[in-house]
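Chains as they are written, first to last, in the working numbering: chain A, 1 to 620; chain B, 621 to 718; chain C, 719 to 1158.
These aren't lab readings, by the way, just hints derived from the structure by calculation. Mixed in with the good hints, there may be bad ones.
Only some residues are given here: those of chain C computed to face chain B with a beta carbon under 10 Å [stated by the list, open to error]:
hint	residue
1	Asn835
2	Glu864
3	Leu961
4	Ser1062
5	Ala1063
6	Leu1109
7	Leu1112
8	Gly1113
9	Leu1116
10	Arg1139
We put the beta carbon where it would ideally sit given N, CA and C, even for glycine.
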Amino acid sequence: MIQIPLAVYLLFLAPLTALAFGFFILRPWKPEWTHIPILISCVVVTISTAFLAAFVYSGHGLDGTLFRWMMAGDWSIVFGVRVDGIGVAVLSMVSLVGALIHFYAAGYMKGDPGFSRFFLFFHLFYLAMIGLLVSNNYVQFYLFWELVGACSYFLIAHWLHKPTARRAALQAFMTNRVGDFGLMLAVLLILARYHNTRFAMLYTIAPGMAPELLALSGFLFFWAAAAKSAQFPLYFWLPDAMEGPTPVSALMHAATMVTAGIFLLVRSWPLIGSVPGLPNFIAAVGAATAIGAALLACTQKDLKRILAYSTVSHLGLMAFALGLGQVAAALFHLVVHGFFKAALFLCAGNVAHGSGKPTVSVDEAGGLKRSLPLTYACFAIAAMSLAGVWPLAGFYSKDAILDAACERGPWAMAAGLAIAMGGALYISRMLFLTFFGPRAEQKPGEHVHEAPLIMILPVALIVVGAFSVGWLGRHFTHLLLSGWPETVPLPVLPELSAKVSGMGLAAMGCGVAISYVLTMRLPSFDWDWRRRHPGLEAAFACDLGWRKVVAWFAAVVVRGADRIGRVFDHEVLDAAIEKSADACQKLSQTGSSLATGSLSDSLWWLMTGAAALLAWAGLR
Amino acid sequence: MNPLVWSASATLFLFGLAALILRRELLAMFLGLELMVLAAVLALGETAARLGDSEGFVAVLLILAIAAAEAVVGLTLILRVHWSGRPPETEALRELKG
Amino acid sequence: MIWLLRPPLELLQPQAVLAVGALCVLAAGASRRVGLGLIKAMAGASVLAALLMLMTTPFWAASPPLLSSDILGWAFQGLFLCAALPLLYLMKPADEIPPALVLASVLGMGLIAVSGNLLMLFIGLEMMSLPAYLLVARSRSPQALEGAVKYFFAGSAAGAIFLMGMALHFAATGALSLEPSTDPLGIAGAFLMIATALFKLGAVPLHFWLPDVYEASDPELTAFFSTGLKAAAVLFLTRLAPLAPPWAMAWAAALTILFGALVALRQKNLQRLLAYSSISHAGFMLLAVAAWMAQGRSPRASLAVFFYLAAYLFMSTGTFLWLKTEGVSEREEMRGLGKARPLSAAALAVLLLSLAGIPPTAGFAAKFLVFWEAFKAGLYVPLILAGLGALVSLGYYLGLIRDMYFEEGTKPLASAPHPARAVVLACAIASILLGLMPWL
């Protein structure tokens, strides 16, 4: 029997208690207090996570069953936890950033009519994300995966009165379902073959697994990850998901939920990594996603949409790193990205809050650094971290990936440098357009005011993370080493090399310089090209045509399937259900008419039953 | 096995059964019930006598005691039906059905 | 004969306590100065004392003649005693007789649990049933007497059939023990006895007494019947198991599940609806017994039998007591209860979901275990029919929930806080906990 630390139980018990208390007692009684137990639970979870991080860092690990629900032969439904380096590394970021965003949301959502509902779903998501990170088998992982998807659906559609929000929620949900289907298939495949989906067991037998099974499940895992982590064919839901409240965008669609796909790939890397060709494929898809999304991010006008495309780009970068075999670098970037992207989103939220609008486009911004000085400072630091300015966190994580890309070859190097440059370009464009100026085309609101303390302090704390997490690279490697099976090559963050760092900084400098010229020297450029080339703008608006393909697909294939489904539904299924319901009613009537209420009939049936049993015995 | 006793037992049982199922008066049905029990007791007693097994005789005694208790319960219920102003027949007791 | 002189008393400790308790209750009732509350407390205390005694009963010891001691019987005795407690707590007797009758009935069940011989089984059966007839007759419903008469005649007829079967078995084997016989006469006798067991369980087509009795009785008494008496019937059947092949049980189980579920669909009276639902559940218990027999009476499979009954104890007690606490008897009165009484409606919803077998409730875990054991035993066709029956049963369980939450109430309800509310809530919570942690 392994000793399970109390902290592991607290990870689940604290949110569950808070949710139950909030739902059953506070929601009917004092809905505006729903966040209080939830914030306490966030603190408890964060402290527990810190303890678990120390636990793993000091060389311990945990892979055990918390409880076994049901057993049938060698099939069983268990609830297990795996606390290892990978999980804890991501968990630390998720719990800390998540907790801070909870505090932020308490300020941001104040006075919203759906305050209580928002917080319950938000915290349920937090719980599900934590559960996903500490699952020790694929079935449980899948359940939490579905749960985060469902929470995402409800939170994107939080403002139900907005048709765009409902549409975006549905789109996100459907796209995620497409990916979930892949994960479900993979899990069923493994389950059918091995009757067990524990990671530990699969890691040990991975080298001996049938190559076809490995390849198929590996591809399905990537398919699922592509939907959840917004990789190329399935990325389009993420920018639209920005219809949700800003804390949702920050927590789910930037820092945590969308990284679940990357996390799935990391978890399954011992299986995926040995499939010939698959890592290269992942790298190629990742690079394409990253470059394309960076380009699109440069053309967006809505602040949150710029950041959403940036998230897609960074998720592509993580997939790129994974494809190059740099598991540690991908994870490190995941963590660092969580910090700076959450900070950027929250700053965008502050801008919107200050302007009194749910969302702000660059047309309505400009020159905000005077009215929003604190937000400006936070945004600038987080943006520099994203761009990869030394010695901020983004520099270190991006550099590790660049290093791997340079080792792989010229194509990978070119892709890496392009991504680095693109990132610097769009984020500095956003910084300049929002906080400097205003330009002739921009009309910032009259009374833009700084956000209250509860919305500044969490951002500032996250920015501290975005500033400094990069220095922990060596410790991060140490943390990872505790939880990786020995059969797989150990992931290590590469040492920094001056040549690669120089190239990266140069690319970053290029990007910043270009955007400086285009936004500060030529202040109207952003509006000019749109006026002059409406065709080009239209092309960018539909993501260079991909959204049209998706729309066509939805129109033809989905609607066709829908029609077939409807016919089947009406003509076959409904008819069958109606018929069987009728049959049930008839049988029910017959059966009930047998009970005439007469004692003699009842006794007659009794004797008939006994006689039938006797006769049957005689026949046998 | 003594064929005479067994055929008597079988006849008693079937007569009791017929009375139980075919008659509509509760008292007659109750008599049929007792006949069935006694038929079984007769068969048990015959076997016990044939085997000289004391266990069978004890069983007969205990069963008779239980049948007496059963009679008390049954007759009480029939009397209560009578007191409730209904004829003690099955057709008077047909409210519970469906 | 030797057993007459040297009775194995330590196995009968709980029964002895109950007998003394029943006598004390009767004696106390004879005195005018002892109040009814005190008498009820005495009865409850003797059940608790019997439970305590049960803890110290050496069920692992070698079986003395006439009796059998095994863990299944021991565990079931616990069930019987637990089923009697809510009844004793909630009943409102006019005099001391009903509590004494309950004690006597539980005593009879205990005798079934320890019996290792057909005669003992019969004595236990009658001791259990005779007080039950009288308890029905003393219920408050206007149809109580009708129910009691029907129950008495059907039950006594089944008893007579059992006696005939016993006589045939005795003639074929020369003993009243539970040894199977190969003689056709003995097999016929065995089947007659099985028929009695199926009757007590309420298996189709021997079930016609059951809805009438359940409808005529007070809800708390029905709760006792559907848990205590049903468990006793299951145990009675398992005691007879060596005499019969499992297929008969499996088919009877499938028929019972389907029939109970179908007829329950169109019931208007809630107690009658639940009676048919309990017939359906008896089918699942029967299926578990069949699976247990088909697997050579393996202890693991007997766990499924016991677990089903334990889960059903909570679900059924909770549901029937809910009827009592809310004072609801017809299905139409359920409408709009979700709004009028959110807490108790939620408790009932949990109980109904558990009865329907929706995860993560105890009902799901129980059904799952039974299905799994039946699957292992190779009872495929009965299994499919049972699955169909479970599907049909969703129709009325979910229908009731729909009535509560999605229909508008027609009449206002008299609010009557009742001591049993706590018991209902506890049952609902227990059926979730038992579903989450079925190994408990």
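Each hint tested on the structure:
1. Asn835: holds, 9 Å
2. Glu864: With Cβ-Cβ at 4 Å, under 10 Å, it holds.
3. Leu961: Since the shortest Cβ distance to chain B is 17 Å, the answer is violated.
4. Ser1062: Result: violated, 27 Å to nearest chain B Cβ.
5. Ala1063: Violated: closest Cβ of chain B sits about 26 Å from alanine 1063 of chain C, beyond 10 Å.
6. Leu1109: Hint violated; leucine 1109 of chain C Cβ to chain B Cβ min 23 Å, cut 10 Å.
7. Leu1112: Given a least distance of 21 Å, the restraint on leucine 1112 of chain C is violated.
8. Gly1113: With a closest approach of 17 Å, the glycine 1113 of chain C hint is violated.
9. Leu1116: Where the cut-off is 10 Å and the nearest Cβ of chain B is about 22 Å from leucine 1116 of chain C, the hint is violated.
10. Arg1139: violated, 29 Å
Violated hints, in rising order: 3, 4, 5, 6, 7, 8, 9, 10; the structure is consistent with all others.
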